[in-house]
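S.K.: Below are the chains, spelled out letter by letter.
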Amino acid sequence: MISLPTARRALSRVAVTSSAVSRWGLCALGAGLSLGLALPSKALAEEVAAGSLLPRDTKVVKLDNGLQVVVLPVDTPGLVSVQTWMQVGSGEEAVAGLTGFAHFFEHLMFHGTEKMPGDVREKELLRLSVDENAWTSQDATVYHLTAPSKNVVRLLEIEADRFDALTLDDEGVRKEAGAVYGELRKGQASPGRALWAGLWATAFDVHPYHHTTLGIEADIAAMPDQLDAARIFFRTWYRPDNATLVVAGDVSPVEVMPEIERTFGKWTAKDAPAWPAIPVEPAQDGLRRSQIVWDQGPVNPRLAIGWRTPAHVPGDADAAALALVPALLTSDIAPLQRKLVDDERRARWIWSGPPDQRHPGLLLVMSELTEGEDVRAIEAEVLAAVQALVDDDSDEAKARLDMTRDRLRRETVLGLDSPGAWGSAVGSAALYGKGIDALDADVQALAAVTSDDVQRVVRKYLLSDATRTVVTLVPPEQADDSVAAPPTGPEQSADAGGAQ
Amino acid sequence: MSRNLSSLSLLCALGLAGCWAGKPGPIPVDKARAPVRIVGRPVQGPVTWITVAVRAGSAHDPVGQEGLSALSARMLREGGAGDRTPEAVDELLYRLGTDIDVVVGKELVTFRIAVLTEDLPVVTSLLSDMFQAPGLDDDTLVRLREEARDALDKGILQDDEATGLEVLDNLLYAGHPYGHSVQGRGGVVDTLTTADVQRFLETRYLRSTVVLGVAGVAVDADGGWRADVPSSTDLASLHTALSSLPDAIYDPPTPKRVPAVEGRSLLVVDKPTQVTGVHFGHPTELHRGHPDWPAMLLAFTALGEHRQGHGRLYGELRGDRGLNYGDYAYIERYEQAGWSSRQETGTGRVQNPFYVWLRPTSQADAPFALRGATRVVEHFVEEGLDADEFELMRTYLSGRVSLWADDPGRRLGWAAEAVAMGWPDPIATLPDAVEALTLEEVNAAVKRHIHPESMRYVVVTGGADELVEQVSDNVTTPLAYSGSTPPAEGTEQAAEDADWASTPIGWDDVRVIESTDLFR
Numbered sequence: 002m003i004s005l006p007t008a009r010r011a012l013s014r015v016a017v018t019s020s021a022v023s024r025w026g027l028c029a030l031g032a033g034l035s036l037g038l039a040l041p042s043k044a045l046a047e048e049v050a051a052g053s054l055l056p057r058d059t060k061v062v063k064l065d066n067g068l069q070v071v072v073l074p075v076d077t078p079g080l081v082s083v084q085t086w087m088q089v090g091s092g093e094e095a096v097a098g099l100t101g102f103a104h105f106f107e108h109l110m111f112h113g114t115e116k117m118p119g120d121v122r123e124k125e126l127l128r129l130s131v132d133e134n135a136w137t138s139q140d141a142t143v144y145h146l147t148a149p150s151k152n153v154v155r156l157l158e159i160e161a162d163r164f165d166a167l168t169l170d171d172e173g174v175r176k177e178a179g180a181v182y183g184e185l186r187k188g189q190a191s192p193g194r195a196l197w198a199g200l201w202a203t204a205f206d207v208h209p210y211h212h213t214t215l216g217i218e219a220d221i222a223a224m225p226d227q228l229d230a231a232r233i234f235f236r237t238w239y240r241p242d243n244a245t246l247v248v249a250g251d252v253s254p255v256e257v258m259p260e261i262e263r264t265f266g267k268w269t270a271k272d273a274p275a276w277p278a279i280p281v282e283p284a285q286d287g288l289r290r291s292q293i294v295w296d297q298g299p300v301n302p303r304l305a306i307g308w309r310t311p312a313h314v315p316g317d318a319d320a321a322a323l324a325l326v327p328a329l330l331t332s333d334i335a336p337l338q339r340k341l342v343d344d345e346r347r348a349r350w351i352w353s354g355p356p357d358q359r360h361p362g363l364l365l366v367m368s369e370l371t372e373g374e375d376v377r378a379i380e381a382e383v384l385a386a387v388q389a390l391v392d393d394d395s396d397e398a399k400a401r402l403d404m405t406r407d408r409l410r411r412e413t414v415l416g417l418d419s420p421g422a423w424g425s426a427v428g429s430a431a432l433y434g435k436g437i438d439a440l441d442a443d444v445q446a447l448a449a450v451t452s453d454d455v456q457r458v459v460r461k462y463l464l465s466d467a468t469r470t471v472v473t474l475v476p477p478e479q480a481d482d483s484v485a486a487p488p489t490g491p492e493q494s495a496d497a498g499g500a501q
Numbered sequence: 224m225s226r227n228l229s230s231l232s233l234l235c236a237l238g239l240a241g242c243w244a245g246k247p248g249p250i251p252v253d254k255a256r257a258p259v260r261i262v263g264r265p266v267q268g269p270v271t272w273i274t275v276a277v278r279a280g281s282a283h284d285p286v287g288q289e290g291l292s293a294l295s296a297r298m299l300r301e302g303g304a305g306d307r308t309p310e311a312v313d314e315l316l317y318r319l320g321t322d323i324d325v326v327v328g329k330e331l332v333t334f335r336i337a338v339l340t341e342d343l344p345v346v347t348s349l350l351s352d353m354f355q356a357p358g359l360d361d362d363t364l365v366r367l368r369e370e371a372r373d374a375l376d377k378g379i380l381q382d383d384e385a386t387g388l389e390v391l392d393n394l395l396y397a398g399h400p401y402g403h404s405v406q407g408r409g410g411v412v413d414t415l416t417t418a419d420v421q422r423f424l425e426t427r428y429l430r431s432t433v434v435l436g437v438a439g440v441a442v443d444a445d446g447g448w449r450a451d452v453p454s455s456t457d458l459a460s461l462h463t464a465l466s467s468l469p470d471a472i473y474d475p476p477t478p479k480r481v482p483a484v485e486g487r488s489l490l491v492v493d494k495p496t497q498v499t500g501v502h503f504g505h506p507t508e509l510h511r512g513h514p515d516w517p518a519m520l521l522a523f524t525a526l527g528e529h530r531q532g533h534g535r536l537y538g539e540l541r542g543d544r545g546l547n548y549g550d551y552a553y554i555e556r557y558e559q560a561g562w563s564s565r566q567e568t569g570t571g572r573v574q575n576p577f578y579v580w581l582r583p584t585s586q587a588d589a590p591f592a593l594r595g596a597t598r599v600v601e602h603f604v605e606e607g608l609d610a611d612e613f614e615l616m617r618t619y620l621s622g623r624v625s626l627w628a629d630d631p632g633r634r635l636g637w638a639a640e641a642v643a644m645g646w647p648d649p650i651a652t653l654p655d656a657v658e659a660l661t662l663e664e665v666n667a668a669v670k671r672h673i674h675p676e677s678m679r680y681v682v683v684t685g686g687a688d689e690l691v692e693q694v695s696d697n698v699t700t701p702l703a704y705s706g707s708t709p710p711a712e713g714t715e716q717a718a719e720d721a722d723w724a725s726t727p728i729g730w731d732d733v734r735v736i737e738s739t740d741l742f743r
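Taken in order, these protein sequences are the chains called A and B.
Read in order, the letters of the first sequence are residues 2 to 501 in the numbering used here.
Read in order, the letters of the second sequence are residues 224 to 743 in the numbering used here.
One or more of the hints may lead you astray.
[As the list claims (entries may be wrong)] Here are the simulated DSS-like cross-link-like pairs (lysine-lysine), alpha carbons at most 27 Å apart as the crow flies:
hint, chain 1, residue 1, chain 2, residue 2
1, A, Lys124, B, Lys670
2, A, Lys340, A, Lys267
3, A, Lys116, A, Lys267
4, A, Lys340, B, Lys377
5, A, Lys151, A, Lys267
In short, the hints are calculated from the structure, not lab data.
Taking the hints into account, I'd like the entire structure generated from these sequences.
M.R.: Right, dumping it as structure tokens:
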């Protein structure tokens, strides 16, 4: 079987950390979405106003322990998704020797508790017919379970138990370290992963975005001996006030919310030593460039460009305009896509991703070229297309902006088709620490983006050499001897697939 | 053993020379002339899902034109439709916030789209044109051919695990319609022309081979169109358009022979990689309509469900020994849908391999993993499930099936595939079928269909010569337990380790092939 990529679908080949429904996808619900955030005196509950795309009976509550809870009754007969979004990813790994630890810890979360050891937990979940997994990105660690909705109460009991009282022991840490090493191995033949890792390693010197979510190999090799670090990590980051619980599906919020309070309400924050401050990446002082020479078999040349962009702030006008830039640059209707892929066949695919990180990150363009094509020439084509976003005042350009805004609205409705998709949309929006306020703020900001806004952010963030990093991956015969390898080599990138 | 295969033996070994030549029988004329079959599912909400399933997957590639099925399917989506240029189709779909996904399997090609119901007039018009008057743009054909060639020459090889699985599949089905990659063959895809695509569409996309699936508000409880919903007229028009496809008679070449495997053989793929991955198995006569399918599904859920942690293989290799990222076992070629762990719909086959997938280990641990997994399978067939395991799996699976279709589009996909292939709809029928199973039936079915003494192994590794030495029957390969603590002497796991380390596989044949010689 092959899933045949159209130009647009090439995105899936390189999307490494995206959720099924992107934050911006849901943010693009259209101007009709208005969240009535009438907070009661204790600031515990929020309600969704009429006209919102979110189900009207959605309940949003902050428990006394700080856990944010969202329950969405959606029309998915007999099914429910339970997702716990921890606000910790590889972007928090500021401790030397502990790169990859957020992901490693994700694996350890399946080892059970004193009350329900791992093997007992596994059998119980089988009896409940649960589909369980997890994934880690730069900004989050997410535990997601889908199950027949009749089992939701028992599911909540089991989940709450591990988040409060996970058992960590030496043998468990050692065996799981072997599995993580295996995860590193399974991606080592992928040039796409090497390029992804090379780009971030070149663009960042001190911020943890420098390394991939899987971590550097030396740190993975040392994981068997990291029991103490695992205990500290759990106490530091796995606090209820650092998490959002989303329950979406064939459930009644009125019935489920008391069960959540009964189970997840027992989750207590633990004392922990202070975690080092996340280093701030200094301003970039010029164009950065590196090259990976690929000698692991036949490969087409590849190109990755990243522009330094600010952390995403929900509702911010620049953030909203930047979110539209990728589609304007490389979607199916973008001139660059048609020129390079369709007409001249100089690229197999080209893709762009928005800067939606919690910390200052990158707006991305990645491309696989056709055999023998010159990476510098394609780089020049991309930069010309970026310049055109500023220079092109034509009616066609304005029409593309209008179409893109409209597309995002429709895409969002179409994407919310399962309990898992609803959970992902709401959970990812909550990552920015502002609860579901982030949805409302982003929707309004996106609806207000104009051509002037797009031109403003392109001038501000994308036109200067000083914000740009270019990394290429080429076969040996196309190597440019004047370009160095990425600073720490092509480490493996994160696996969005999770623990199994 | 030979260090490298000759080009001729290579072709034979990988099943790349010639196809199975079963004799298709005629189908009744009235069936060929009947309107296209409809699968309808009522769903409330603003979205309508459409699936068009066509019995025209890669097993239906004409001999010598391998890859034509996939190329034709992509040309329908990307080559223009009616008076719409390829660019106009792209722009239309972009405006609608959607796309037409094209999935090509061995048996079926499926076209899927989810749209806002308000957009149905334009979408059904596009789909009608796509099938009735495809654009078949020449420049698009050239691009798609180049993409297929890149996929064969480079794409598969950039994933060690995909390489191993594809080589095993081609090896097991040598001389069979399943014996080449869906993308085609290197050296062949470059020769395919617009005229070839036109001919393929005219002879394979017929009333009798097409199924139209729709889920949305326009569908009534009986699967028909609702007269009170305006969009039902658009869907009826699409059905009429599809039913105007040729009524020519084409009986799909259902493979009638399950390829035989005698003894145990090993093909080592020598590839520049730092790790080692293992696949092994043999063909079976199983398919989703087979009477033993529910029993075998339950059994293999226990042995090694795809990307789940409860299987025996996973527990013994990853859980107890930390050898790798995961270990799974299958009774059909499993195609994962995107990032999820679910099976992609529209990829079922009329015959399927049993196979085991060990995710990459270090090269040092690979021989131990290979022997250990073989012992786990042998033990599984000999002893079967125990009563507790059976009860747990039966409870789990009967509820789990509903999760295979957690959105209306996927639910429609399962239903349309079942009709197109003539199988029971698994989502509707499997829970009851699983509930009705007995332990004895399950264990007997395993013995009937799985024969560990006759399996083909494929190992992808960066150290082929060393691996061949290590897996020799007179060499012992104990596990080093680097990083973790070995089991104490006298424990069950210690005894098992000793057994795994020294178990001879009993190779009848061992060969090595360079990865750059694959898929040609």
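S.K.: Give a verdict on every hint.
M.R.: Hint check:
A hinted pair counts as satisfied when its Cα atoms are at most 27 Å apart, and Lys124(A) with Lys670(B) qualifies at roughly 26 Å. Among the hinted pairs, Lys340(A) with Lys267(A) is inconsistent with the structure: their alpha-carbon atoms are about 58 Å apart, more than 27 Å. In summary, the hint linking Lys116(A) to Lys267(A) is supported, as the alpha carbons are separated by about 14 Å, within the 27 Å threshold. Only pairs whose Cα atoms come within 27 Å are accepted, and Lys340(A) paired with Lys377(B) is accepted, the gap being roughly 24 Å.
Only pairs whose Cα atoms come within 27 Å are accepted, and Lys151(A) paired with Lys267(A) is accepted, the gap being roughly 23 Å.
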